[in-house]
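A.B. asks: Sequence:
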Amino acid sequence: MELAVKSIVSQLNAGVIFTGENSEGRVFRVRVKEPLFPALGETYVITGDFTEYKDGYGRAFAQIEASNIERTATSGRLLAGYLMTLSNVGEARARRLIDRFGDDIHDVLSAPERLEELGETLQPGRPNLGIKLAIHVQAEFAQKLAADKVQVEQFEFYNRLEHLGVQDRGAAQKLWRLLGASKAGDALLANPYLAAALLPWSAADALGQAVLRGSGVERLASHPERLRGAVDAATRKLLSKGHTAATEAQWRKLAPQGVAGASMVAEGLEYGSLVRHGDLIQPFGARYLETDVEKKLTAIAASAWPHSISQISDVVSDTETAIGFNLTDEQRYAVGQIIARPLACLQGGAGVGKTTVMLAVTLAWEALGGNVLMAALAGKAALQLSRSTSQPGSPRLAVTIARLINGLRAVSNGRTGDHLPNLTRETLLIIDEAAMVDTATLHELLSEIFKLQPDGCRILLVGDSGQLPPVGFGAVFHNLVQKPIITSQLTRPLRQINGSSIPLVAGQIRAGEVPDIPTYLNQANGVYFVEANAKTLVARASNVYRQLRNSKGVKDVMVCAARNQTVDAFNKTMSAENWEIAKQLGLYARVYPGDPIICTKNHYSSGLFNGMLGVVRDIENDVMVNWEGSDIDPHTGGPVLQTVPLEAAIDIRLAYAITCHKSQGSSAKAVIVVLEDTSFLTREWLYTAITRAETQVIIIGSKDALRMSVERRTKRVTGFNFLCPADAA
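Each residue of the sequence shown is one higher than the one before, starting from 1 at the first, in this note's numbering.
Quick caveat, the hints were computed from the structure, so don't treat them as lab data. Any given hint might turn out to be false.
Unchecked claim - No more than 30 Å apart at the CA atoms, straight line, and that leaves these computed lysine-lysine pairs for DSS-like:
1. K6 - K132
2. K703 - K715
3. K715 - K483
4. K54 - K380
5. K253 - K237
6. K552 - K380
7. K601 - K669
8. K669 - K555
9. K54 - K33
10. K33 - K601
11. K483 - K296
Let the hints inform the model, and build the full structure from the sequences given.
C.D. replies: Spelled out as structure tokens, the structure:
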């Protein structure tokens, strides 16, 4: 039976209940027990058992328990529901169209030569208005035809994957995007193991073998396509841990179950998907990105310097006067070094005065005739950078790296405007929280810079190598600060945060000392401890979270955990109250106004990046989000709300709790740190979690977990090898 979706009764990850109308106008209640996200007006071919459903008032409705459901193009009388969604077409006009044209309605909406009779039906007696309405209706219908075609092909592709054993709809959506929409089926046949980069190996291998077997291949175990797929699966595992390189022995261990490691490595090297780099082996893509970043940074570092040492000394002295207080000797020396270096790094822990140095560098560089651009990974960090470098009558704007990339791209495409970045050879780009910027993001940024300026611009990377490496792969900043010739170190703690003990405790952890943390007894600022075991972690964290928000009025609270299972459990606990009335967003999130959310993948074209946080503000029609770092609406004075692009929705999760890796670049007034019994907890992990807090940290767990986390270290292996001009000489 063909039914057009009339209303969505209930939408869950595991299934959906909707009402659908057939061509005779009869309405059915449909229950689907599989992931499906229908939209109003879409048409499905449904088979299943006919039953009866009674609501709370005893009213009976015809119901179909769907055993099979397939998307199809909407046609004939089933278009009535869709017609009512068009601009200026309500129920009365939709019924007039169906009554007059019946099953011929599809042709009438598609044929320009039938514009006049369409207009006459839409608005009887008013031909001019009718023609205008008809033009709009036909234009919107043309868009629907194109969308229908793609959606039907997409649904057929999903069914094809299901018949081959792929049940993960999220992975199927990613495959659809990766393979190029309508050509997805053909692309999969041409390369049966494309799915290995997205699916668990067991599913990807089953799919690949099914396709190969269908093509007449008999010897599957050592088939080159299978070995190449295994390389992709091993690469996925390697990059997920942040590494970009491994020894040959480690690569063999990365081979999926049932694949000979030596054969996999040999095929990868011969095919070119793996490349040797000294004693290490790297995925080709990772090696390319690191090499390109190395070349661009080396070109910047080798740039000529037009100012003399005396000029630099004078401008640094003038800067102290402009700031209104004296820099420490360490800060003053760092400012002079940074101004003199085309490529510079500023390295230091919490509370050592990095922000003051950035302000001084900004003033000094502007005094020398240059201009300054500033960016940070997260919106909140960009806002803080703006505030700390602005002065009365001289505001400065820092943006997110994603926004900067989009702005540079717009300038490259010929767009102009005061809101776009002004990049010249004399530009100094300051990137704060640079330790958290992964290789792929830095490559994207440098590529846009060099499109506009073939010689690049001056760059200052500011960060703390004591923190975790980026959530994405690579560790460029951590590698660069090993080069003294480009790195200035700040080591002297200068302040505490609002009387808080956070810098002291963070410094102890950074140095490898286990801090003595007092028990939490409802104190305010500072670092405190709550004892909990594995069974009570989530419950204790939930209680503290609610107390901070409800009793103490602290609305800005972040919960950091190490394991995704703990994050999911906490998010489920906090969102349970509104679950039934929440709205589905993508595959993995049900959201309600006030819910915090996080983007888990980079979507540069949409201005979203991995780890970006936001708050859901409205779900009545589209899901509207206030992302960190959003522009201010000049009419309302509030933040500009944005919809979540379709391609990004699958990568959205709830964020009452997030992993510590995802927290990088963000901050909150209060941070709850959940200590679990896992090797993920390292000194760098704990230090990063604590330094996300502005005023208060509450650590929940055992003292043994605290001690072991300080003793463990985070290691990341990369092939990045930046050569300073002095090194090359």
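A.B. asks: Each hint needs a verdict: does it hold in this structure or not?
C.D. replies: Hint check:
{"no.": "1", "hint": "K6 - K132", "in the structure": "holds, 27 Å"}
{"no.": "2", "hint": "K703 - K715", "in the structure": "holds, 24 Å"}
{"no.": "3", "hint": "K715 - K483", "in the structure": "holds, 18 Å"}
{"no.": "4", "hint": "K54 - K380", "in the structure": "violated, 50 Å"}
{"no.": "5", "hint": "K253 - K237", "in the structure": "holds, 11 Å"}
{"no.": "6", "hint": "K552 - K380", "in the structure": "holds, 22 Å"}
{"no.": "7", "hint": "K601 - K669", "in the structure": "holds, 25 Å"}
{"no.": "8", "hint": "K669 - K555", "in the structure": "holds, 8 Å"}
{"no.": "9", "hint": "K54 - K33", "in the structure": "holds, 19 Å"}
{"no.": "10", "hint": "K33 - K601", "in the structure": "holds, 28 Å"}
{"no.": "11", "hint": "K483 - K296", "in the structure": "holds, 16 Å"}
Checked against the numbered hints above, the structure violates only hint 4.
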